[in-house]
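Q: With the hints as your guide, set chain B onto chain A.
Protein chains: 2
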Amino acid sequence: MKGVFAAVLTPMRDDLSVDRAAYAEHCRRLLDEGCHGLGIFGTTGEANSLAVSERVEAWEKLVEDGIPADVLLPGTGACALPDAVTLAREALAVGAPGVLALPPFYYKGVSDDGLFRFFAELIERVGDDRLRLFLYHIPPMAQVGFTPELIGRLLDAYPGVVAGTKDSAGDAERIERLCKEFPQLTVFAGSERFLLDTLRWGGDGCISATCNVTAAQSRRVYDLWAAGDAGADAEQASLTETRGFLEGFPPIPALKAIMRVRTGDAGWANLRPPLDALDDERAQAVAARL
Amino acid sequence: MKGVFAAVLTPMRDDLSVDRAAYAEHCRRLLDEGCHGLGIFGTTGEANSLAVSERVEAWEKLVEDGIPADVLLPGTGACALPDAVTLAREALAVGAPGVLALPPFYYKGVSDDGLFRFFAELIERVGDDRLRLFLYHIPPMAQVGFTPELIGRLLDAYPGVVAGTKDSAGDAERIERLCKEFPQLTVFAGSERFLLDTLRWGGDGCISATCNVTAAQSRRVYDLWAAGDAGADAEQASLTETRGFLEGFPPIPALKAIMRVRTGDAGWANLRPPLDALDDERAQAVAARL
Numbered sequence: 031m032k033g034v035f036a037a038v039l040t041p042m043r044d045d046l047s048v049d050r051a052a053y054a055e056h057c058r059r060l061l062d063e064g065c066h067g068l069g070i071f072g073t074t075g076e077a078n079s080l081a082v083s084e085r086v087e088a089w090e091k092l093v094e095d096g097i098p099a100d101v102l103l104p105g106t107g108a109c110a111l112p113d114a115v116t117l118a119r120e121a122l123a124v125g126a127p128g129v130l131a132l133p134p135f136y137y138k139g140v141s142d143d144g145l146f147r148f149f150a151e152l153i154e155r156v157g158d159d160r161l162r163l164f165l166y167h168i169p170p171m172a173q174v175g176f177t178p179e180l181i182g183r184l185l186d187a188y189p190g191v192v193a194g195t196k197d198s199a200g201d202a203e204r205i206e207r208l209c210k211e212f213p214q215l216t217v218f219a220g221s222e223r224f225l226l227d228t229l230r231w232g233g234d235g236c237i238s239a240t241c242n243v244t245a246a247q248s249r250r251v252y253d254l255w256a257a258g259d260a261g262a263d264a265e266q267a268s269l270t271e272t273r274g275f276l277e278g279f280p281p282i283p284a285l286k287a288i289m290r291v292r293t294g295d296a297g298w299a300n301l302r303p304p305l306d307a308l309d310d311e312r313a314q315a316v317a318a319r320l
Numbered sequence: 031m032k033g034v035f036a037a038v039l040t041p042m043r044d045d046l047s048v049d050r051a052a053y054a055e056h057c058r059r060l061l062d063e064g065c066h067g068l069g070i071f072g073t074t075g076e077a078n079s080l081a082v083s084e085r086v087e088a089w090e091k092l093v094e095d096g097i098p099a100d101v102l103l104p105g106t107g108a109c110a111l112p113d114a115v116t117l118a119r120e121a122l123a124v125g126a127p128g129v130l131a132l133p134p135f136y137y138k139g140v141s142d143d144g145l146f147r148f149f150a151e152l153i154e155r156v157g158d159d160r161l162r163l164f165l166y167h168i169p170p171m172a173q174v175g176f177t178p179e180l181i182g183r184l185l186d187a188y189p190g191v192v193a194g195t196k197d198s199a200g201d202a203e204r205i206e207r208l209c210k211e212f213p214q215l216t217v218f219a220g221s222e223r224f225l226l227d228t229l230r231w232g233g234d235g236c237i238s239a240t241c242n243v244t245a246a247q248s249r250r251v252y253d254l255w256a257a258g259d260a261g262a263d264a265e266q267a268s269l270t271e272t273r274g275f276l277e278g279f280p281p282i283p284a285l286k287a288i289m290r291v292r293t294g295d296a297g298w299a300n301l302r303p304p305l306d307a308l309d310d311e312r313a314q315a316v317a318a319r320l
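Heads up: the protein sequence lines correspond to chains A and B, in order.
So the first sequence is numbered by the working numbering: it starts at 31 and just counts up by one.
So the second sequence is numbered by the working numbering: it starts at 31 and just counts up by one.
No lab work stands behind these hints, which were simulated from the structure alone.
Be a bit skeptical, because a hint or two may be false.
One copy or any two copies: either way a pair holds, since identical chains are not told apart in the list.
Dumping the calculated EDC-like pairs for lysine to aspartate or glutamate here, alpha-carbon to alpha-carbon at most 20 Å [said to hold, decoys possible]:
(1) Lys138 <-> Glu277
(2) Lys32 <-> Asp306
(3) Lys138 <-> Asp306
This one's a predicted model, so the numbers in the text were calculated from it and none came from an experiment.
So here's chain A without its partners, still in its complex pose (with noise of 0.2 Å):
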């Protein structure tokens, strides 16, 4: 897995329920526009204000609609060691070829033996050698992170299942040292603003819940890059000035905002609590002005 990943956002009809038929189509048009993959059910993905069951159930409808299971990245974070174990199988029943991990959020402060011990478990009782496991370090949100400490002793202890990892504490020096000090890792940075300083210490693309609205763009830095590096930079810089202008906003409203506006469809404007839609107005000024 390597490239460009949107993390995708899960429309929603008026009772909250995932809008099956609207997922899929934006799944589609993500893999038009040039996604490599999909990280879905991650934090743009409101994967953690829906059940388990839930999340389930999204995915292997989504497979059933077409979209194929092999570049699908789930994600199957969760506080309780039985609920990750469930999602991880799950997954790899749908046959995505890697799940998306989050640490344990609920506690805070634990040790990196706790976090081990949790990774071990889980590993342990996925027990699938068809199991890759990427590690989902978003302190912003979770507060709980994966050292680099932490990161060597999963690899050392598991390796070829601790496959990578998607950093989004947005750190640039921090996704520099991963990618330098972990080859064997795959590492996507959590940003596009990221992308081609990434690929350039040799890592390996970003997901990122702005490339909802900036696949193409982001497509076309990965692109050149790939085909020699000749004009990146000034596709990086007119995708950074974009990325810096959506930023000015809570992503996950402003991005179903502007696919509301884009799509006419008024169910974009539905997010589970506690997240809240951008008014009327915030949201035809943010669709409009990007």
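A: Here is chain B on its own, set in the frame of chain A:
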């Protein structure tokens, strides 16, 4: 519901499943030692480290095993609205007179509007007049919390249903404010350190992790206050000293270590990751000094 409630530890077997027999025994002991009620499956009970189905099964067995349902205040906190609904419904089905509900705690920096909408949806989806909701404010863990303004809005919108709060912010002034501003709200301090003050401010008691080992002494403070307050200050000072000693240790590991030494049951050393047990030497030391 009022008085001294332990935030009950959850004993686990070596495979990390709930130890049914040890759990009922521990709950019985806490009631014998003077607890008016039992705050089961909150932070101290490692609730968020268990799947929804595990939590519900443990409550059902506890009642089957003879613990009276009418002393139970089960934690029903979850990030996902459908999980919070399921847990609240099942708590009612078991016969619990109230539920202790965390705010959804994955997304940070969320608005009072978004949290209001979460609890409004929860109450409406549970759809049961028997529901009595206790708002669980514990910002050191959940990060997300209840502003007094939000509590007021919920009380206005759902009088009778929004019944109380457990306040674990560690802020005496806030507890005093809630007691005085919302006389219709049952206010439990999250620490027996504030027990006597809370009662004098018009509040109702405490729900505390350390009451797993201070139940008898906490009850003496309550009874002295109820009998006219004579001697309550001295007993509270002694209780506060005990609490202060315990605050020097990671709470859940230390409390399980004390139970292990007291009961001789090695299973008390089991914690779900990411929490770690205290090592043997420290476990013996904390139990001996207590």
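Q: Now look at each hint and say whether the structure bears it out.
A: Cross-check of the supplied hints:
Only between protomers do lysine 138 and glutamate 277 lie at most 20 Å apart by alpha-carbon distance; the minimum there is 16 Å, versus 27 Å within a single protomer. For the homomeric pair lysine 32 and aspartate 306, neither the shortest alpha-carbon distance inside one copy (32 Å) nor that between copies (35 Å) is at most 20 Å. Taking the shortest Cα distances, lysine 138 and aspartate 306 sit within 20 Å of each other only across copies (13 Å), while inside one copy they are farther apart (26 Å).
When held up to the earlier numbered hints, the structure conflicts with hint 2 and nothing else.
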